[in-house]
Amino acid sequence: MDKVVATVAEAVADARDGMSLAVGGFGLSGVPNELIRAVHARGVRDLSVVSNNCGALESGLALLLAAGRIARVTGSYIGANKEFARQYLAGEIEVELIPQGTLAERLRAGGCGIPAFYTPAGVGTQVADGGLPWRYDGHGGVAVASPPKEVREFDGREYVMERSIRTDFALVRAARGDRHGNLVFAKSSRNFNPLAAMAGRVTVAEVEELVEPGAIDPDEVHLPGVFVQRVVALTPEQAADKRIERRTVSVPGARGPVTV
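Taking the numbering used here, the leading residue of the sequence shown gets 1, the next gets one more, and so forth.
No wet-lab data here; the hints were simulated from the structure. Any given hint could be a false lead.
To be verified - The calculated DMTMM-like cross-link candidates involving lysine to aspartate or glutamate, where the alpha carbons are at most 25 Å apart (straight line), are: (1) K187 <-> D217; (2) K187 <-> D155; (3) K187 <-> D241; (4) K149 <-> D137; (5) K3 <-> E208; (6) K3 <-> E212; (7) K82 <-> D129; (8) K242 <-> E208; (9) K187 <-> D137; (10) K149 <-> E105; (11) K242 <-> E83; (12) K3 <-> D241; (13) K187 <-> E105; (14) K3 <-> D14; (15) K187 <-> E220.
Note that this is a predicted model, so its numbers are computed, not measured.
Starting from the given sequences, assemble the full structure and let the hints guide the process.
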């Protein structure tokens with residue numbers, strides 16, 4: 001039952017080229033940075049990544065992206081990641097952009113053993129009809145486009161069928177975790193982390209605080225240990241490394257908050 005491994009390097013020692021990887025986090029919040037650095041250090045390539053976004057400010061998945069290690073991304077947001085946008089438009093990377101709620105449910109469904117589900121999100125758009133650019137040819141044309149999806153009517157309303165997501169590995173970050181893999185996520189880091197963890201066949205969690213079994217009240221557990229195969233404790237310095245993408249402050253005399 002003890003799932004603790006000594007180092008992040010040991011936790012991803014069996015990572016391999018071409019594997020699929022679900023990664024928790026949203027922007028810079030709740031990103032398993034140490035595990036991502038360990039995957040980068042292993043030198044694995046041609047990764048298929050499932051994550052809301054692909055890192056920012058040269059942290060998180062942006063590290064793997066800049067090194068040319070990612071072949072495909074399934075996500076919802078490109079945002080201010082200029083290198084992600086450049087690689088996508090240049091045809092260097094394949095990108096499947098899907099509605100954020102659909103991405104969340106595809107991950108959750110994969111973890112629950114549900115192969116597919118129907119949702120109204122995307123009906124009447126290219127999400128359902130097909131034709132979204134997955135890969136450009138580098139000259140402004142589309143090399144690979146999304147295929148059409150099944151649409152069915154239930155009670156007079158149309159729904160599009162979405163397939164669930166399962167990945168070879170999942171990397172997540174939690175505020176607390178015990179040796180059995182039960183996890184607690186802090187505030188906004190409880191975003192895609194539990195869902196990514198559910199979707200992984202092998203799920204690795206880096207935890208800011210490692211506690212003994214029984215120290216976490218069962219009612220406080222956000223993700224039960226059945227979904228987690230490996231746990232690695234962060235050092236105090238690693239746990240304290242939390243970047244802020246946009247800092248909003250109150251300035252005396254200003255008419256409103258200022259983003260810096």
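Going through the hints against the structure:
no.	hint	result
1	K187 <-> D217	holds (17 Å)
2	K187 <-> D155	violated (37 Å)
3	K187 <-> D241	holds (16 Å)
4	K149 <-> D137	holds (23 Å)
5	K3 <-> E208	holds (15 Å)
6	K3 <-> E212	holds (11 Å)
7	K82 <-> D129	violated (28 Å)
8	K242 <-> E208	holds (11 Å)
9	K187 <-> D137	violated (41 Å)
10	K149 <-> E105	holds (16 Å)
11	K242 <-> E83	holds (22 Å)
12	K3 <-> D241	holds (24 Å)
13	K187 <-> E105	holds (20 Å)
14	K3 <-> D14	holds (16 Å)
15	K187 <-> E220	holds (13 Å)
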